[in-house]
Amino acid sequence: MYSIPGQVKAQAVAETTAAGGDNALAAARTVAEVLAHSHVEPVLQELDDALVGLAPVKARIRDIAALLVIDKLRLNLGLAAQAPSLHMCFTGNPGTGKTTVAMRMAEILHRLGYVRKGHMVAVTRDDLVGQYIGHTAPKTREVLKKAMGGVLFIDEAYYLYRPENERDYGQEAIEILLQVMENQRDDLVVILAGYKDRMDTFFQSNPGMSSRIAHHLDFPDYAVGELMQISQKMLGDQNYRFGQGAAKVFEEYLTLRIGQPHFANARSARNALERARLRQASRLFEDRDRVLTVDDLTTIEERDIRASRVFQQVKAQP
Amino acid sequence: MMTNPMGRLTQGQFSFLPDLTDAEMALQVEYGLGKGYAWSVEYTDDPHPRNTYWDMYGMPMFDLKDAAGVVMEVTGCRKAFPNHYIRLMAFDSTRGVESIAMSIIVNRPKNEPGFMLERQEVNGRSLRYTTRGYGADRPEGERG
Chain Y
1 MYSIPGQVKA
11 QAVAETTAAG
21 GDNALAAART
31 VAEVLAHSHV
41 EPVLQELDDA
51 LVGLAPVKAR
61 IRDIAALLVI
71 DKLRLNLGLA
81 AQAPSLHMCF
91 TGNPGTGKTT
101 VAMRMAEILH
111 RLGYVRKGHM
121 VAVTRDDLVG
131 QYIGHTAPKT
141 REVLKKAMGG
151 VLFIDEAYYL
161 YRPENERDYG
171 QEAIEILLQV
181 MENQRDDLVV
191 ILAGYKDRMD
201 TFFQSNPGMS
211 SRIAHHLDFP
221 DYAVGELMQI
231 SQKMLGDQNY
241 RFGQGAAKVF
251 EEYLTLRIGQ
261 PHFANARSAR
271 NALERARLRQ
281 ASRLFEDRDR
291 VLTVDDLTTI
301 EERDIRASRV
311 FQQVKAQP
Chain V
1001 MMTNPMGRLT
1011 QGQFSFLPDL
1021 TDAEMALQVE
1031 YGLGKGYAWS
1041 VEYTDDPHPR
1051 NTYWDMYGMP
1061 MFDLKDAAGV
1071 VMEVTGCRKA
1081 FPNHYIRLMA
1091 FDSTRGVESI
1101 AMSIIVNRPK
1111 NEPGFMLERQ
1121 EVNGRSLRYT
1131 TRGYGADRPE
1141 GERG
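Going down the list, the protein sequences come from chains Y and V. Quick note: the numbering used here has the first sequence finishing at residue 318, numbered continuously throughout. Quick note: the numbering used here has the second sequence finishing at residue 1144, numbered continuously throughout.
Warning: the hint list may mix true and false statements.
Said to hold, decoys possible - Partial selection, computed: residues in chain Y whose CB lies under 10 angstroms from chain V:
| # | residue |
| --- | --- |
| 1 | 117 |
| 2 | 118 |
| 3 | 142 |
| 4 | 144 |
| 5 | 146 |
| 6 | 148 |
| 7 | 150 |
| 8 | 162 |
| 9 | 178 |
| 10 | 184 |
| 11 | 186 |
| 12 | 188 |
| 13 | 228 |
Hints listed in this document are in silico derivations from the structure and should not be mistaken for laboratory results. Cβ atoms here follow ideal geometry from the backbone N, Cα and C, with glycine treated the same way.
Looking at chain Y on its own, in the form it has when it is part of the complex (with noise of 0.2 angstroms):
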């Protein structure tokens, strides 16, 4: 009538193993078997079409992909191999797409089922470290057990080490996060990322930090024409286009733009539009009896961006 504890176990597990893997991606035997069940091919894809430039970024990404596809297959015929370390930073300048490949990244563990769910969790150094003495630890743990299944992604990773501060909690969350880095391997993934000067100087004083992650992924600054295919996009996204040659101008605006401190890559550029569209808003409102067709709404003007500040220093400057 009643079983003793402990006598169905043995059998109770490899029923639930046996139930949660996935049995034709288990018997795949080609690469092209695994990228069929795990449609990861389509988000390589877009990642592609998505993403301007990024040349290195993507061929890392393609190569720890191609691993993982691989690993599958080798797992298929029994071939152990120990789960890889997917834990990465991403270095670069502000505005280099650094979270947006970590959200893609999300989705491509997932596809490849090496993370669960294929959630990004991003936080920073207020998110993880506490205030006083013996908050740190439950706030770390309290992020890790939501990016757990996912992605936690560490923007600004560097903050968390202080070494003006030797009482600084920040190694504290360090160090929880060390713990379940190496613990929970197939639990999550954590991407730090950052800008790369200070970045290896957290390194350098955290080699522990630095001997677990086991990419590291530069992220390099965009050229002039790669940002107007972003600022393209970025104006198709919003149902805006330029109109006559104001590309050509905001072209011009972006080489200036490059040279002057604060520059932000993609956001600088993002903004830039942002202003021109408050431009053209505010070119349309002084006309108040004016009809207005689709055309005039959806066009960015020459002079929109030709009234932005950065032409006007260059006037004045000889």
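Given the coordinates of chain Y, assemble chain V onto it according to the supplied hints.
Frame of chain Y; chain V shown alone:
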């Protein structure tokens, strides 16, 4: 007659079955997360049926996507209180429900003393019944 020959506490779900393995527990947690429940871990060494509120091990876990976080918390609690009762509870925050939807015992002390039925004779032949844990007369931490 023995009412509970296995000498096991039977509260919550699956308590007449052998203990859930971690994999089975994760599946239950996954089910609860799918329903939008918030899991929490509680422990006690006084499992009297009227002891509704056990001690919380950490905060209830809202906004989780995966069972791994809950399993991690249970593992931590087992390490801290290996000889206590530990239960997992799922809170359903749906308006109008707002109560515990699932409750599973995930850890038991090595020997479970169980409960006795105390009979008190009052007013002639009348009886008053009380349930009392065999371990309850010992101080906290020594009951298991």
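Which of the stated hints cannot be reconciled with the structure, identified by number in ascending sequence? 8, 9 and 13
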